[in-house]
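K.L.:
Add chain B to chain A, keeping to what the hints say.
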Amino acid sequence: MPATGRKAAIAGVYNTKQGRSLEGETTRRLVVEAVLGALDDAGLTLDDVDGITSEQTASLSYDLRLGPAWQGSTFGVGMITEAVAAIENGLAEVVVLVAAQAQEYRDHAATAPWTRPENELVAPWGMFTAAEFALIARRHMEVYGTTREQLSIVAATIRNNGSANPEAVYAGRGPFTPGDITASRMIADPFHLLDCATTSEGGCALVVANVDRIDAARKPVFVLGSGADFNGPSYQHPPAWDLTGRRGLDPNGLVGRHAADKAFAHARLNRDDVDVLELYDPFSFEIIRQLEAFRFCPDGEGGPFVEDGHIAVTGSHPVTTDGGTMSFSHAGTNPQMMQRAIRGVQQLRGQAGALQVPNAGVALCSNGGAGALFTTVLLLGAEPR
Amino acid sequence: MTDDGLQLTAQHAAVPHATPGPLTAPFWQACAEQTLLFQRCATCSAADFPPAEHCRQCLSFDVGWEASVGRGVVYSWTVVYRAATPVFETPYAPVIVTLDEGYQMLTNIIGANIDEVRVGLPVQVDFREVSDDLWLPYFRPVP
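Chains as they are written, first to last, in my numbering: chain A, 141 to 525; chain B, 231 to 373.
Looking at chain A on its own, in the form it has when it is part of the complex (with noise of 0.2 Å):
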C-alpha cells in the first residue's frame, strides 16, 4: 500500500450497543460481540488474528483459541501505539484491541467501584475520581482565573454532541445550556453532577494490521504520533498541580504536555493541522486543561478559549465528538478510553454522521487526566503522510 514505510495500521472498529445497564449482557458476551465486529469492519476473520491486548487478554487467548498469539499489556490509546509497534517490528500481522465491562456496577449508593481508590494514606479522605480531579480544577481556577460559566461551556457541548449521537447512552437528552449545568446537583466543588462522566456498560474493539492485510477500500487509518506522560500511580498520591519530577520539565498540570510535543515532533505535524481534537473528558475542566497541556492555546487561557466558541462540532477546535464519558459512554476502566480512538477513526473515515467535522483527515486523541497523573496521546491521519 503506502510508499512511506508504515506496515501498520487501523484496520476496523466496533462500538457494542452502550447503556446505562445492559440488561442480559455480561462483559464476556460483549467482548465476543466487539471482536467479531471489529473483525468484520477490517474485512478479515479470527483466522487471521495472531495478536491480543485486552483486560482479559490471557484467558481470551485461550478461550478464543488464537496462540500462539503476541500479547499487549497496556491499556487505552497506548494499545493502539503498542500494537502497531509490535507489527511495525515484525512480532504478529493482525492485532485485536477489546474491552468490555458489564454488570459491575449495581449498588448505587456509592459511587462505582472503579472511582474509588484504595490506598490508605486516600480512601480514609472520601477521595475518588471527582474529588481527585476537582483538587486539580481548583488550582487552575485559583491561578488563572478559570470560571464556573467556561467549566459549564465544556460540558453543554460534549453533552449536546452526544444529544446528536443516535449511539450515546444519552442521545436525544439536550439540548443543554450551560446554565443547565450549574442547576445539576453539586457533586464535588467545582463539579456538579452534569460536569461529571457517567457510567454505563458496553464493549469495543479495534484490529490493527499490517497494511498488507488490509483493503484499501477499508479505509485503513494511521497511527502519525503517539505520546506517553506518567507521573505515578492513579489516586495513591496528592494530585496536585505543581508535581515535578527531577528533570524539571512540565508539572502534573500539564500532563499530556511532553506526551503531545512528542507526538507532534514524530509525525512532522503543527498544532494546527489537527482536524478534531477527540479528547478524553472525565471531567469539564479536563477539556479546558488539555488544550492548554497540549499547546492548542496559552497557559492559563483555556477557559476564554472554550468560551469563544473555538470547542464546538462547527468550531476551530471540535472536541469530543460523540458525547464522551459524559454522554456518548462510560463503561468501565478501559472501553471508554479506546472508544476515543474509535470516534478518531469514525471521524477521519467521514462516518460521524450528523456531527461529521468536514475533510477531516488529522484527529487528536487522548486518555487520562492531570487528576489520575497521566496523560497519553494519539495522532490519527486518515493518509499515512
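Hint data in this document are derived by calculation from the structure and do not stem from the laboratory.
Glycine is no exception: its CB is placed at the ideal position from the N, C-alpha and C atoms.
Treat the hints loosely; a few may be bogus.
What the hints assert, rightly or not - Facing chain A, from chain B, some residues (calculated, C-beta under 8 Å):
#	residue
1	A248
2	R270
3	C274
4	Y305
5	S306
6	Y322
7	I326
8	L336
9	V349
To be verified - The following label-pair restraints were derived from C-beta to C-beta distances:
#	chain 1	residue 1	chain 2	residue 2	range
10	A	P373	B	P373	34 to 40 Å
11	B	P256	A	P391	29 to 35 Å
12	A	D187	B	H247	48 to 54 Å
13	B	E359	A	R205	34 to 40 Å
14	A	N229	B	V349	46 to 52 Å
15	A	D188	B	S290	20 to 26 Å
16	A	F370	B	V349	23 to 29 Å
P.N.:
Okay, now just chain B, sitting in the frame of chain A:
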C-alpha cells in the same frame, strides 16, 4: 445548591481504611498518639510523604520518621456532596495541605464553614478518632 453556612465536621464511622503495612504502620500508630509523622532522608534531608522505602530524591534507604509541627496551608480543596460510599457523612472537604516542612498530604478540613475553605488558608492538624482505634489527622483553620 451549596450550603455555605454548614460547619465541616469529622466522620464518625468505620471509613475505608486498609490494614497498614510495614511502611505506614508507624504513621498510624503516631496518629493514635496525636503526633503527625513524615519521612526525612538522613542523606539529603528531603522531607517526603506518603512514606516510601527509599528517599524519592536521592534514593538513599537511610530514611527515618520525624514529627511535623502540624501546620501548613491549603494548597487545593473541594467540598464533596455525593459521598464516595454511604459510610461518609456529607458534606466533607478533601484538601491537599502543604506542611511547613515542605511536603504535601491529603486530608479533610474540619472546624470551618464551607465558605471559609480556600487556597492559602492557614491550617493545623487536629486528630480525631472516627471509629474504634482509627485516628485520622484532620486539619482545621489556625485560630
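K.L.:
Determine for every hint whether it applies to the structure shown.
P.N.:
Outcome of the hint check:
1. A248: Check passed: Cβ of A248 of chain B comes within 4 Å of chain A, closer than 8 Å.
2. R270: With a closest approach of 18 Å, the R270 of chain B hint is violated.
3. C274: violated (12 Å)
4. Y305: OK, holds: Y305 of chain B within 8 Å of chain A, min 7 Å.
5. S306: Constraint on S306 of chain B satisfied, holds at 4 Å.
6. Y322: Hint holds; Y322 of chain B Cβ to chain A Cβ min 5 Å, cut 8 Å.
7. I326: holds (4 Å)
8. L336: holds (5 Å)
9. V349: Holds, about 4 Å.
10. A:P373 <-> B:P373: 34 to 40 Å: Given range 34 to 40 Å: holds, Cβ gap about 37 Å.
11. B:P256 <-> A:P391: 29 to 35 Å: Cβ of P256 of chain B to Cβ of P391 of chain A: about 30 Å, so the range 29 to 35 Å holds.
12. A:D187 <-> B:H247: 48 to 54 Å: Hint holds: Cβ distance 51 Å, inside 48 to 54 Å.
13. B:E359 <-> A:R205: 34 to 40 Å: violated (56 Å)
14. A:N229 <-> B:V349: 46 to 52 Å: holds (48 Å)
15. A:D188 <-> B:S290: 20 to 26 Å: About 53 Å separates the Cβ atoms of D188 of chain A and S290 of chain B, which means 20 to 26 Å is violated.
16. A:F370 <-> B:V349: 23 to 29 Å: holds (26 Å)
Against the hints set out earlier in the document, violations occur for numbers 2, 3, 13, 15.
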